[in-house]
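Full structure from sequences and hints, please.
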Amino acid sequence: MFIAWKAWFKNKMRGDDWGSETVALWAQYLTAKSITKREFMLAKNASFDCDFPPNNAREFLQMARMAKYPDPAQALNIALDAAHQLGYEPSLTKWRHSVVYETARRIGSYALLTDPKVSDRWHKIYAKVCQEADDGQVFSIPKYAQIELKTPSASAETVSGIMDKLMAIVGKKANHA
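Numbering-wise, the sequence shown is residues 1 to 177 according to the UniProt record's numbering.
I should point out that these hints are in silico values taken from the structure, not numbers from a laboratory. Note that the Cβ used here is the ideal one computed from N, Cα and C, for glycine as well. One or more hints might be untrue.
[To be verified] Computed cross-link-like contacts, EDC-like style, restricted to lysine to aspartate or glutamate with a CA-CA straight-line distance of at most 20 Å:
#, residue 1, residue 2
1, Lys44, Asp71
2, Lys6, Glu59
3, Lys124, Asp71
4, Lys37, Asp134
5, Lys12, Glu59
[Stated by the list, open to error] What follows is a list of derived Cβ distance ranges for each label pair:
#, residue 1, residue 2, range
6, Ile162, Lys128, 53 to 63 Å
7, Gln85, Arg121, 19 to 29 Å
8, His84, Pro152, 29 to 39 Å
Following this line, the structure appears as structure tokens:
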């Protein structure tokens, strides 16, 4: 991986940045943090989309684990769209991920819409919620039961008849479209 980074990032990576000591240190850290093969491949692939390689194994691991969740800026846009709806009612919103909903819930719709520093707050709280999710905390988007319509809707003919009767009562002729 370090050799591929050297070829990819060229002069952005010094020769001594990828020595055997660095490889051993990264391996020790990533093993201690229980990185999976899938996470490793996610981070490795994501690293080539960056302008610079990760500075350390912690940043590399964050790339893998954050790939599980929507991008923080994208997640903020989802939450802002939801806040413009009816108090971000979960049944009306496409949250995409429970960490987005949980972060929005912690901040609140009013603060999302009015706090001039909401972006800074969002990024800090979103990172914390994502870390809690990685640590095993389970977040969910509430499901709201919708009331089933038990009586059928009136037909156009029925409504037209009722309107004719009402208009006759008030002395006007109904105008049916």
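The hints, checked one at a time:
no.	hint	in the structure
1	Lys44 x Asp71	holds, 17 Å
2	Lys6 x Glu59	holds, 17 Å
3	Lys124 x Asp71	holds, 13 Å
4	Lys37 x Asp134	holds, 16 Å
5	Lys12 x Glu59	holds, 17 Å
6	Ile162 x Lys128: 53 to 63 Å	holds, 57 Å
7	Gln85 x Arg121: 19 to 29 Å	holds, 20 Å
8	His84 x Pro152: 29 to 39 Å	holds, 34 Å
Comparing the model with each numbered hint stated earlier shows that all of them hold.
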